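Make a model of the complete structure from these sequences and hints.
Chain residues, written in single-letter form:
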Amino acid sequence: MTMPAKLAWPALAVVALVLILAPVDLTGVGIPYPGLKRYGTYIMTLWLVTAIAAMGVNLIVGYAGLETLAQAAFLGIGAYVTALMVKAGLPFGAAFAASGAAAFVVGIVLGFPALRVRKHYLAFVTLAFSVLAWLVFRNEQWLTGGVMGLTDINRPSLFGMSLRRHVNFYWFVLAITAVLTFVLWWIVRSPWGRAFTALRENPIRAESLGIDVRLYTLLAFAIGSAYGGLAGSLYAPLVEFIDPNPFALGPSLLFMLMVVVGGAGRFAGPFVGAAVAVLLPEWLRFAEGFYLLIYAVLVMVMMAFCPTGILGLLERLWAPRRRPFADQKASLLGEAKP
Amino acid sequence: MTAVLEVRDVAKSFGGVHAVQGVSFDVHEGEILGIIGPNGSGKSTLFNCILGQLTPTRGEVRIDGKSVTGLRPSELNRLGISRTFQLLQVFPQLTVRENLILAGQEHQGSRLGRLFGARDAGLGAAADRMIDFFRLGHLARENAGGLSYGQQKLLDAAMAFMAGPRLVLLDEPAGGVNLTMLANLKERLQAINSETRATFVVIEHNMEFVMSLCSRIIVLAEGRIIAEGAPDAVRRDPLVIEAYLGH
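These protein sequences, in sequence, are chains A and B.
Following my numbering from start to finish, the first sequence increments by one per residue and tops out at 338.
Following my numbering from start to finish, the second sequence increments by one per residue and tops out at 1247.
Just so you know, these hints were derived from the structure itself, not from any lab.
What you are looking at is a predicted structure, and each value in this text was computed from that prediction instead of being measured.
Partial list, derived from the structure: chain B residues whose beta carbon lies under 7 angstroms from chain A:
no.	residue
1	Arg1083
2	Phe1091
3	Arg1114
4	Arg1119
Pulled from the structure, derived: some chain B residues nowhere near chain A, Cβ distances all over 10 angstroms:
no.	residue
5	Ser1024
6	Arg1058
7	Glu1060
8	Ala1126
9	Arg1188
10	Gln1190
11	Pro1238
What follows is a set of in silico ranges between Cβ atoms, one per label pair, in the way DEER data are often shown:
no.	chain 1	residue 1	chain 2	residue 2	range
12	B	Gly1164	A	Leu115	23 to 31 angstroms
13	B	Gly1137	A	Ala97	44 to 52 angstroms
14	B	Leu1115	A	Val131	29 to 37 angstroms
From the three backbone atoms N, C-alpha and C, an ideal C-beta is built for every residue, glycine too.
The structure is reproduced here in C-alpha cells:
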C-alpha cells in the first residue's frame, strides 16, 4: 500500500515491536497484555513461515506476472531436505542453505515451460509439477518415509542457545523473516524488480528494451521457489514432523489465494494474505462448527468486491484524496484517452 | 557513407500469405528513412523481421556489415538498435521516470551489479534530461497509464532513445497524436538526429509528417518495394499515386 515515506519507517518500527513483543507477558511492566500462549506463538510462527512462501509466490505471480500452483511442492522440497539433513546430524544452517538452493535449482527447471507458455497453460504445467512432487513425497518411502512421514525433526540451536521453546523459535523465525523480507524488498526495488514488472506488464516491449525476458522469467521462478524452499526449511522444525499432505496441490492453491487476497504485486500482500489463511480461521473459532463456512463466505465476498486484494481495497479508499495529476493535465490540454 | 543497416532480400510468409517478398535496402549513418505504404503492405512485418520479433523466411539483416538475422530483440537492443511499436507500448503501472530508467537500465553495467547498485541504475539524471527534452516534466512522477494518448506516444518515443541508440526504428510514431504534439515530436526527433547523428527508420501514414521528417522514402505495396527516392520524387511517382497516395 502506498504510504508517505515519512510514515513508513515509524509504522515499520511499530509493527516490528508488536511482533517481537507478541509472545511476551507485559503485565509486569504495567501493560495489561498477558502475551501469547504456546499455541498462539505456534500459530504466529506458522503465519511467518507461510508468509515467506507467499512472498515467493508474490514475486512470481504479482511482480513477474507468471503463474505458479506449485509453491507447496517447494515448501515440501525445503522441508524434506532440512529434515533429512538435520536427522543425518548436519547443522541446521547447512540444511537451510541447501533447502533454498535445491528449490532455486528446481525452480529454474520449472521456469523453462514458462518460456513457451503463459497464463492458465503455465498454471497447468506447475499444477502437474505439484502433483508429481507430491507423488514423490508419498511414494519414495525409502527417502521420505512415505505417508508415515519423518518424525523427530529437532529444532536447531543458535550460538549455544536452544530454540526448542516455542517463543525462542518464534523469534528465530521472525529474525529470518525480517532478513528474507529485506532481501526481497531490495530485489523488487532494484532494477531487477523493475525488469520483473516489465515482464508482467509487457514482455514484448521489455524484450525490445534489452531486457532478457527468458533470463528474468527463470530468475523469477528460481527466487520465488527458493523462498518456498526456505519456508519449508523452517516449517519442518516448527512442526517437528512432516508428511506429504501439507505439500499437496490444495495448499499450493491456498498460496495463490493468499497472494490474491492480500494484493498481488503489493509488497505487504503476502503477509496480509497469510494472515487471512492462517490467523483468520483461528480468530473465527468462536463460531465453532461454522467457522469454515464463515471463512469461505468472507473469502468469496472479498474476491467479488475487491479483486485487487485487501491492500488494493485500502489503496482505493486512500486514492480519492489524491486525484491523479495526469488526468487533470489531460483535461486541461484537451487530450482524449485512447 | 557507411551503411548502418543493410536489408538483403528479406521475405516473410505466414502460411500462404507472403507479407514481405524479397525486400532489400540500405540505411546510412545519420539518415532518416521513411517507409510508407497501404495497410497490409508488410511494413510492420518488415520491422519485426529486422528487429528479431519475427524470423525471416529468407534473406539477411546486417548491422555495420555483420549479420544479425535471428538475433533476439534484447540482443539487438544491446547492439544499439531501438524501436517503438505501432500500438502504444509503455508500462502503465510504472511512472514516466521509471519507464525511462527501465528503457536504459540493461545497458548499465553488469546484471549482478545492477542488483546491488543504485535503484535508478545511475540513470536518474539521464531520465530527467530526457523528460525535459520531450517536455514531460510535469508528468515525471505520474503512472504512464494515466497519461493521455499523445503523452504516452511521446514517452514511447523518449524510451526508444534512453539507451543512446545508433539506429531507431519508429513504427507510426504520429498515429493518434494531435497536431501540437505532432509538431513537438517531429522537432524532438530532428533535434536528436542532428545532435547525435542517430539513424532513423520511420513507418508512417501521416504524409506531412513523414515527408517533412525524412530525407529518403521507400514505398511498399504487397510486400515489395515499388518506389524509392527523395520525398518530392516519391510524391509524384505515378506508381505510388496509384497504389497508395491516390489522386
